[in-house]
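I would like the entire structure built from these sequences, with the hints used as guidance.
Chains as they are written, first to last, in numbering that gives the first Met the number 0: chain A, 0 to 219; chain B, 0 to 643; chain C, 0 to 175.
Worth double-checking, as some hints may not be accurate.
Away from chain C, derived, C-beta distances all over 10 Å, residues of chain B [stated by the list, open to error]:
no. : residue
1   : M132
2   : E154
3   : E162
4   : E319
5   : R322
6   : A444
Quick partial rundown of chain A residues pointing at chain B, CB under 8 Å, derived from the structure [claimed, not checked]:
no. : residue
7   : A44
8   : C46
9   : S64
10  : L83
11  : Q111
12  : P126
13  : L128
14  : R179
None of these hints come from the bench; they were simulated from the model. Just so we're clear, the structure is a prediction, and the values are computed from it rather than from any experiment. Glycine included, C-beta positions come from ideal geometry on N, C-alpha and C.
As a plain string of letters, each chain reads:
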Amino acid sequence: MMLNILIDDKKIEAEEGKNLLQACLDNGIYIPNLCHVKDMAHPQASCRLCFVEIEGEKKPVPSCSVTVREGMRVKTDTPSVRRLQRSAFHLLLSRHFIECKVCPANRKCELQKIAKFLKVGLKSNYPLLLPKAVLETGKQETDESHPIFNYYPNRCVLCGLCIHVCRTTHGIALLTFAKRGIDTVISFYGEEDVSRLPGDKCLACVNICPVSAITLKSLS
Amino acid sequence: MTETLHQCWTAIREEAKARRNAFKEAAVPKIHIGMATCGIASGAMETKKAFEDALAEQNIEARIHTVGCAGHCYAEPVVVIDHPASGFPPIFYHQVTAGKAKMLTNLFLKEGDPRFEHVYGATEINELIPSVMEFPRFNQEKRIIMEKCGRIDPEDIHEYIAEGGYETLVKVLELPPEQVIAEIEKSGLRGRGGAGFPTGRKWALARRAHGENKIVICNADEGDPGAYMDRTILESNPHQILEGLMICAYTVGARKALIYVRAEYPLAVKLVTKAIEQAKELKLAGGNILGTGFDLDISVFQGSGAFVCGEETALIQSIEGQRGMPLHRPPYPVEKGLGGEPTVINNVKTLASVPPILEHGADWYRSIGTENSPGTAIFSVVGDVLHAGLVEIPMGVSLRTLIFDICGGVPNKKKFKAVQIGGPSGGCLPEHFLDTPIDFDSLTAAGAMMGSGGMVVMNEDACVVNVSRFFLDFTQKESCGKCTFCRIGTCHLLGILDRLTKGEGREGDIESLESLSEDIKDGSLCGLGKTAPNPVLTSIRYFRDEYEAHIREKKCPGKMCRPLTAFYIDLDKCARGCDACVGCCPVDAVFTTRNRKKGIDQALCVKCGECMVACPPQYDAVRKVSPPELAPVIERPATKESHP
Amino acid sequence: MAHEEILSEQEAIEKDIRSRVAAFEKARGNLIPILQMIQEKQAYLPPEAINTVAAHLEIPVCEVYGVATFYNQFRFHPPGRHPVKVCMGTACHVKAGDVILENFERKLEIREGQTTPDREFSIERVACVGCCALAPVALIGDTVHGHMAPSKVEGLLLRIRIEKEKAEREKVRGER
Numbered sequence: 000m001m002l003n004i005l006i007d008d009k010k011i012e013a014e015e016g017k018n019l020l021q022a023c024l025d026n027g028i029y030i031p032n033l034c035h036v037k038d039m040a041h042p043q044a045s046c047r048l049c050f051v052e053i054e055g056e057k058k059p060v061p062s063c064s065v066t067v068r069e070g071m072r073v074k075t076d077t078p079s080v081r082r083l084q085r086s087a088f089h090l091l092l093s094r095h096f097i098e099c100k101v102c103p104a105n106r107k108c109e110l111q112k113i114a115k116f117l118k119v120g121l122k123s124n125y126p127l128l129l130p131k132a133v134l135e136t137g138k139q140e141t142d143e144s145h146p147i148f149n150y151y152p153n154r155c156v157l158c159g160l161c162i163h164v165c166r167t168t169h170g171i172a173l174l175t176f177a178k179r180g181i182d183t184v185i186s187f188y189g190e191e192d193v194s195r196l197p198g199d200k201c202l203a204c205v206n207i208c209p210v211s212a213i214t215l216k217s218l219s
Numbered sequence: 000m001t002e003t004l005h006q007c008w009t010a011i012r013e014e015a016k017a018r019r020n021a022f023k024e025a026a027v028p029k030i031h032i033g034m035a036t037c038g039i040a041s042g043a044m045e046t047k048k049a050f051e052d053a054l055a056e057q058n059i060e061a062r063i064h065t066v067g068c069a070g071h072c073y074a075e076p077v078v079v080i081d082h083p084a085s086g087f088p089p090i091f092y093h094q095v096t097a098g099k100a101k102m103l104t105n106l107f108l109k110e111g112d113p114r115f116e117h118v119y120g121a122t123e124i125n126e127l128i129p130s131v132m133e134f135p136r137f138n139q140e141k142r143i144i145m146e147k148c149g150r151i152d153p154e155d156i157h158e159y160i161a162e163g164g165y166e167t168l169v170k171v172l173e174l175p176p177e178q179v180i181a182e183i184e185k186s187g188l189r190g191r192g193g194a195g196f197p198t199g200r201k202w203a204l205a206r207r208a209h210g211e212n213k214i215v216i217c218n219a220d221e222g223d224p225g226a227y228m229d230r231t232i233l234e235s236n237p238h239q240i241l242e243g244l245m246i247c248a249y250t251v252g253a254r255k256a257l258i259y260v261r262a263e264y265p266l267a268v269k270l271v272t273k274a275i276e277q278a279k280e281l282k283l284a285g286g287n288i289l290g291t292g293f294d295l296d297i298s299v300f301q302g303s304g305a306f307v308c309g310e311e312t313a314l315i316q317s318i319e320g321q322r323g324m325p326l327h328r329p330p331y332p333v334e335k336g337l338g339g340e341p342t343v344i345n346n347v348k349t350l351a352s353v354p355p356i357l358e359h360g361a362d363w364y365r366s367i368g369t370e371n372s373p374g375t376a377i378f379s380v381v382g383d384v385l386h387a388g389l390v391e392i393p394m395g396v397s398l399r400t401l402i403f404d405i406c407g408g409v410p411n412k413k414k415f416k417a418v419q420i421g422g423p424s425g426g427c428l429p430e431h432f433l434d435t436p437i438d439f440d441s442l443t444a445a446g447a448m449m450g451s452g453g454m455v456v457m458n459e460d461a462c463v464v465n466v467s468r469f470f471l472d473f474t475q476k477e478s479c480g481k482c483t484f485c486r487i488g489t490c491h492l493l494g495i496l497d498r499l500t501k502g503e504g505r506e507g508d509i510e511s512l513e514s515l516s517e518d519i520k521d522g523s524l525c526g527l528g529k530t531a532p533n534p535v536l537t538s539i540r541y542f543r544d545e546y547e548a549h550i551r552e553k554k555c556p557g558k559m560c561r562p563l564t565a566f567y568i569d570l571d572k573c574a575r576g577c578d579a580c581v582g583c584c585p586v587d588a589v590f591t592t593r594n595r596k597k598g599i600d601q602a603l604c605v606k607c608g609e610c611m612v613a614c615p616p617q618y619d620a621v622r623k624v625s626p627p628e629l630a631p632v633i634e635r636p637a638t639k640e641s642h643p
Numbered sequence: 000m001a002h003e004e005i006l007s008e009q010e011a012i013e014k015d016i017r018s019r020v021a022a023f024e025k026a027r028g029n030l031i032p033i034l035q036m037i038q039e040k041q042a043y044l045p046p047e048a049i050n051t052v053a054a055h056l057e058i059p060v061c062e063v064y065g066v067a068t069f070y071n072q073f074r075f076h077p078p079g080r081h082p083v084k085v086c087m088g089t090a091c092h093v094k095a096g097d098v099i100l101e102n103f104e105r106k107l108e109i110r111e112g113q114t115t116p117d118r119e120f121s122i123e124r125v126a127c128v129g130c131c132a133l134a135p136v137a138l139i140g141d142t143v144h145g146h147m148a149p150s151k152v153e154g155l156l157l158r159i160r161i162e163k164e165k166a167e168r169e170k171v172r173g174e175r
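So, in structure tokens, the structure goes:
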């Protein structure tokens with residue numbers, strides 16, 4: 000059944016059971032997001048960018064975790080929505096090593112896109128929270144332990160899409176979140192045996208990464 | 000069915016009572032020793048050994064009875080000696096070291112002299128010895144959850160049964176579950192894990208939820224670094240929790256129950272595992288409980304040390320063998336929890352409250368506490384307070400009564416500054432909150448939170464900025480790393496607080512802390528992140544002047560932030576030739592001046608304060624100042640001269 | 000102890016662990032209990048053990064690693080023979096537990112999370128051992144030391160070293 004909802008005074012129709020973020024994106028209404036993909040059963044709700052205000056609710060809510068309801072009235076551009084989005088974005092930038100010029104993601108990078116949308120630059124309001132060595136040398140860390148891919152922890156925004164896509168492609172995920180808190184990274188731990196890997200036949204994780212934190216070794 | 004139930008139960012109860020009577024009536028002295036973790040840490044093992052050795056040596060017949068903890072941590076190791084032949088009532092002794100144990104065996108048990116100078120009080124009102132029941136620490140408490148703690152042996156199910164335990168379960172097994180849930184709803188019991196969700200409503204939701212394999216979980220993943228009541232209850236009376244858990248399982252229709260205990264609590268794990276085994280042996284757990292056809296499989300799961308796993312969805316993730324990262328709610332676990340099945344998760348104290356409520360009725364429970372927060376609450380009151388330990392009081396008692404009357408106030412003539420309630424999710428409340436009644440809603444209104452019930456009392460020498468930094472350091476380390484605000488936001492909060500406590504604060508820092516805190520509160524995914532800024536926000540709200548002093552004057556009013564303080568020796572007071580402070584300095588920073596007095600080398604000093612402790616009170620020559628520039632410069636003489 | 004003896008002892012432990020792991024039902028929910036069992040036997044999780052667990056539960060090795068690195072309980076390096084744990088709970092913090100930690104670090108010349116080169120001591124901070132009334136608290140092995148002071152640190156460490164030397168001397172004498 001199709002439901003009628005009102006987004007910023009624009010009437011749209013959305014299928015029952017769909018999440019609000021997807022409904023907006025399908026109707027050409029952009030809401031910043033990093034950790035969302037269409038086929039995810041349970042939203043991760045981890046990037047904290049897709050906030051919207053819904054009439055009847057006191058505070059902004061992440062739209063990826065809301066199921067559409069008939070007659071729902073949503074605002075995507077209010078001061079409190081923008082405050083949270085900009086704050087989350089600046090926090091992410093404070094962990095992101097900027098070298099757009101040489102970065103393979105340049106011009107297709109989600110962070111660049113969001114910065115433009117939110118009308119903020121790529122310089123974080125917060126002091127950079129990068130390892131001392133990175134700040135001193137101006138060279139970012141690289142995890143080269145995987146035989147085919149390189150991983151750049153100082154680029155990564157921990158959206159988890161690589162893990163998700165690997166699991167949906169292969170049934171199991173050959174990469175994982177490891178460690179905890181601010182130290183959280185994506186890890187390929189233990190998969191050194193090239194013969195067991197899909198190898199360069201599958202580039203799903205490389206292709207889905209919004210910031211090119213995983214790249215093909217042969218290209219870098 | 001009813002007949003077998005009553006036959007089985009009567010046999011069990013009579014057996015338990017017979018055992019208890021045999022113990023009580025034995026014409027020998029009984030020595031009750033508190034052996035929970037806190038007691039053991041204070042040396043209860045050595046005390047027990049000393050009693051055993053001394054009894055053997057003197058050839059005295061007596062029974063040693065190991066019990067759990069009654070919450071009187073300030074008095075550990077605690078021993079109660081019941082020596083009827085001496086003519087004295089049972090006596091409570093505090094801080095019974097091995098030496099004291101030997102002495103009491105020789106003088107009290109053998110010769111009948113209770114050694115009045117060591118007596119803390121009699122356990123009951125009598126004419127010979129003042130009773131502990133006359134002390135506010137004992138008589139102002141209201142024990143419902145911890146009623147049996149410290150009185151029974153946690154390793155013996157019969158002792159719990161002899162005290163009326165499992166009676167309520169038997170009663171409940173004959174009632175329709177709806178009636179039990181209605182009674183709990185009527186009692187107004189709210190979840191003791193911190194958030195205060197009505198327990199009856201949770202159970203009702205779970206009962207209505209569809210699922211063949213409903214599960215109930217006891218949440219004993221106590222993570223607040225300063226609260227240990229759940230552990231104490233598990234170690235002192237595990238059966239009351241089991242009884243509550245079984246009642247919960249019966250009413251919601253679950254056949255599987257789990258107790259989620261931190262692996263850092265090895266004794267609690269051991270005791271609760273043993274309690275489950277004993278309950279199974281008596282057919283109080285397992286298949287076909289007491290012949291009623293009700294099956295309940297109870298097991299223990301050990302949590303691996305992640306504070307965030309106290310959050311329901313993260314707890315479930317960890318049981319499923321995943322990283323303990325919270326999920327977005329809804330769906331709530333009562334609808335879709337462990338393995339996709341309806342799951343009820345209740346805190347230890349909530350479950351332990353259930354048997355007494357059903358025993359005495361909802362109206363009785365409602366008569367205790369306040370309108371919206373009935374019943375009692377347990378606090379672990381620690382820090383600068385005389386009688387630290389666990390205190391169970393009715394909701395609605397004021398902080399002043401709790402801290403000053405019951406716990407004896409702030410020692411060493413120091414002034415009260417603040418009390419931190421609710422651990423990393425709670426807040427720091429100043430003196431003018433002392434008369435606030437404590438309940439879920441009043442604490443939330445003050446910006447704090449009931450949380451775990453951890454309560455740290457701080458005197459004038461504590462620094463609220465430093466304590467906020469401590470909590471942020473904790474939450475930042477314990478953040479699971481999933482959502483942006485908690486993972487990165489708490490790091491920035493900590494970074495600013497770090498600078499403040501080092502004297503590197505800047506104008507605007509307070510405002511940055513406030514605005515980032517609000518963002519983290521509104522933006523985070525789970526309760527850990529949403530409440531993480533509370534310590535910062537409350538301390539800024541009530542102690543803004545201290546933050547300003549750190550920023551503008553580089554001064555720590557509590558003289559607790561080490562980079563902002565200095566120690567020096569007042570040469571007018573220092574005694575010539577005294578070396579007390581020299582030996583205790585861990586870094587050899589104390590030197591001898593030309594006139595054989597002492598000075599502190601500021602470059603070497605690590606500001607541990609040992610010299611201040613070591614300096615004899617009649618000299619009292621060591622001074623602590625903030626900012627450090629206030630310390631006068633005393634030159635260290637060249638090495639040759641100091642060691643002629 | 001001869002080198003071969005140590006090796007064979009290590010092999011025996013690994014064999015024991017493999018058979019214990021095999022006894023667990025192949026259910027994902029058993030992952031954490033299995034890791035806890037290994038850590039209890041070996042005091043840490045060696046890389047081989049992580050592989051063993053992954054093979055038994057038929058899940059990728061990286062998933063085991065991802066879960067194990069999430070929890071405080073699991074360690075990936077062997078601790079010292081006398082692990083020092085300094086309590087960093089609220090009550091201990093207010094009573095300057097950080098000074099105690101620093102003093103252990105200074106005396107042992109290692110940082111928190113490290114082990115001394117002779118594998119005798121390691122230092123860890125723990126969240127709260129629940130002895131708040133005895134603050135500040137430190138544990139050496141399983142023994143709780145309450146009301147700690149910086150000046151007590153050296154004595155405690157010295158006592159362990161003296162006891163060790165004494166035991167070694169007696170062993171040498173016994174062999175003669």
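Here's how the hints hold up against the structure:
no.	hint	in the structure
1	M132	holds, 22 Å
2	E154	holds, 19 Å
3	E162	holds, 25 Å
4	E319	violated, 6 Å
5	R322	violated, 4 Å
6	A444	holds, 23 Å
7	A44	holds, 4 Å
8	C46	holds, 6 Å
9	S64	holds, 4 Å
10	L83	holds, 5 Å
11	Q111	violated, 18 Å
12	P126	holds, 7 Å
13	L128	holds, 6 Å
14	R179	holds, 5 Å
Checked against the numbered hints given earlier, this structure breaks hints 4, 5, 11; the rest are met.
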